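A.B. asks: Listed below are the residues making up each chain.
There are 2 protein chains.
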Amino acid sequence: MKTKNKTTIIAEPGKQEVTIIREFEAPRALVFKAFKDPELLVQWLGPKDMILEIEKYDCRTGGAYRLMNCSGSGQKFNFNGVMHDVTEPERMIRTFEFEGLPERGHVSLEAATFTELPGNRTKLTIHCVFLSLADRDGMVQSGMEGGVVVSHQRLDELFEKMLVK
Amino acid sequence: MKTKNKTTIIAEPGKQEVTIIREFEAPRALVFKAFKDPELLVQWLGPKDMILEIEKYDCRTGGAYRLMNCSGSGQKFNFNGVMHDVTEPERMIRTFEFEGLPERGHVSLEAATFTELPGNRTKLTIHCVFLSLADRDGMVQSGMEGGVVVSHQRLDELFEKMLVK
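Which chain is which? The protein sequence lines are F and V, in order.
Just so you know, the working numbering puts 6 at position 6 of the first sequence, and the rest follows in order with no gaps.
Just so you know, the working numbering puts 36 at position 36 of the second sequence, and the rest follows in order with no gaps.
Please note: incorrect hints may appear among the correct ones.
Identical copies carry no separate label here, and so any pair may be met within one copy or between two of them.
Heads up, simulated EDC-like pairs for lysine to aspartate or glutamate below, C-alpha to C-alpha not over 20 Å straight-line [unchecked claim]: (1) Lys15 with Glu110; (2) Lys56 with Asp85; (3) Lys48 with Glu110; (4) Lys15 with Asp137; (5) Lys76 with Glu55; (6) Lys56 with Asp37; (7) Lys15 with Glu39; (8) Lys123 with Asp85; (9) Lys6 with Asp37; (10) Lys123 with Asp137; (11) Lys15 with Asp135; (12) Lys123 with Glu55.
Quick caveat, the hints were computed from the structure, so don't treat them as lab data.
Bear in mind the structure is a predicted one, so any value in this text is a computation, not a measurement.
Given the sequences, and given the hints that come with them, work out the whole structure.
C.D. replies: This is the structure we're talking about:
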């Protein structure tokens with residue numbers, strides 16, 4: 001599938017935040033559902049050659065999650081967090097921690113906003129803040145951009161499949 | 001009670017974070033307990049002339065909380081969040097949202113570190129990051145400093161009372 005939509009990732013020098021902006025050819029309720037429903041989540045989150053395993057995904061205000069991206073060679077990339085605010089279909093605010101770092105405590109806060117656009121389209125804005133500039137820079141340098149872009153392309157494919165008449 | 005310890009609050013211009021540093025004349029396990037145990041929490045968190053009501057305080061990794069500071073005249077200041085990581089006795093990472101703002105979504109992330117000092121003393125470092133500089137500045141201008149300083153003085157009194165032979 002070819003999409004005209006591109007993922008924009010803004011990480012200004014010296015600021016401990018990252019902003020991710022993306023439009024989708026799908027109505028807001030469906031885009032939100034793709035983030036909330038674990039059966040959809042496994043179809044798009046992470047690289048295509050990895051399997052997303054869900055230990056827990058309680059996507060409600062006050063819930064918690066723990067997910068693993070698993071490669072064919074047995075590598076696992078685990079991450080977890082808690083859901084501060086899940087307000088369907090407009091807002092999801094949660095924490096995020098990648099478990100592969102040498103020490104715990106490098107947590108970020110992610111606020112996702114789902115905005116309706118004309119023509120049954122949706123704009124997604126994810127605002128991430130980090131406990132330090134070093135944490136932010138580490139996340140950016142870890143290849144975050146590639147993972148986000150691929151996940152959004154997989155979302156495009158998922159929506160196209162689901163929206164076929 | 002007179003204490004020699006002062007609360008240091010660092011809010012550098014242009015940075016969307018606040019760091020709070022304070023030492024206490026109490027062992028780390030007790031300082032941590034004062035943050036974790038709701039029966040102790042109500043004795044120190046917030047202004048002296050207000051009553052802290054606890055709707056929910058599930059202080060475990062993955063738990064959630066909702067607290068109200070209530071004045072004698074019936075004013076209520078409610079706040080809530082989720083506990084990303086509660087690792088006794090060293091670390092507590094949680095979200096925080098004051099409910100009195102015109103709109104929801106102005107959430108911050110707070111990482112508290114409890115460090116042992118010689119002589120059964122403890123250093124508390126709380127690192128707060130905000131989704132925007134405006135959120136950070138709003139929190140600082142709301143009188144956060146006064147509330148934090150008074151709460152820490154009340155903690156001094158609580159520890160003095162509990163540590164009396």
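A.B. asks: Would you mind marking each hint as holding or not holding in the structure?
C.D. replies: For each hint, the structure was consulted:
Proximity of Lys15 and Glu110 under a CA criterion of 20 Å is satisfied in both settings, with 15 Å inside one chain copy and 18 Å between copies. In this homomeric assembly, Lys56 and Asp85 come within 20 Å of each other (Cα to Cα) both inside a single copy, at 17 Å, and across copies, at 16 Å. Proximity of Lys48 to Glu110 under the C-alpha cut-off of 20 Å is found in neither arrangement, the shortest distances being 23 Å within a copy and 34 Å between copies. In this homomeric assembly, Lys15 and Asp137 come within 20 Å of each other (Cα to Cα) both inside a single copy, at 9 Å, and across copies, at 15 Å.
In this homomeric assembly, Lys76 and Glu55 come within 20 Å of each other (Cα to Cα) only inside a single copy, at 13 Å, whereas the closest approach across copies is 38 Å. Taking the closest pair of Cα atoms, Lys56 and Asp37 come within 20 Å of each other only inside a single copy of the chain (12 Å); across copies the shortest separation is 27 Å, beyond that limit. Taking the shortest alpha-carbon separations for Lys15 and Glu39, neither the intra-copy value of 35 Å nor the inter-copy value of 39 Å comes in at or below 20 Å. When the C-alpha separation of Lys123 and Asp85 is checked against a cutoff of 20 Å, the pair qualifies only within one copy, where the shortest distance is 19 Å, while the shortest distance between copies is 31 Å.
Taking the shortest alpha-carbon separations for Lys6 and Asp37, neither the intra-copy value of 24 Å nor the inter-copy value of 48 Å comes in at or below 20 Å. Proximity of Lys123 and Asp137 under a CA criterion of 20 Å is satisfied in neither setting, with 25 Å inside one chain copy and 28 Å between copies. Taking the shortest Cα distances, Lys15 and Asp135 sit within 20 Å of each other both inside one copy (11 Å) and across copies (15 Å). For the identical chains of this complex, Lys123 and Glu55 are neighbours neither inside a copy (29 Å) nor across copies (36 Å), given an alpha-carbon limit of 20 Å.
Against the hints set out earlier in the document, violations occur for numbers 3, 7, 9, 10 and 12.
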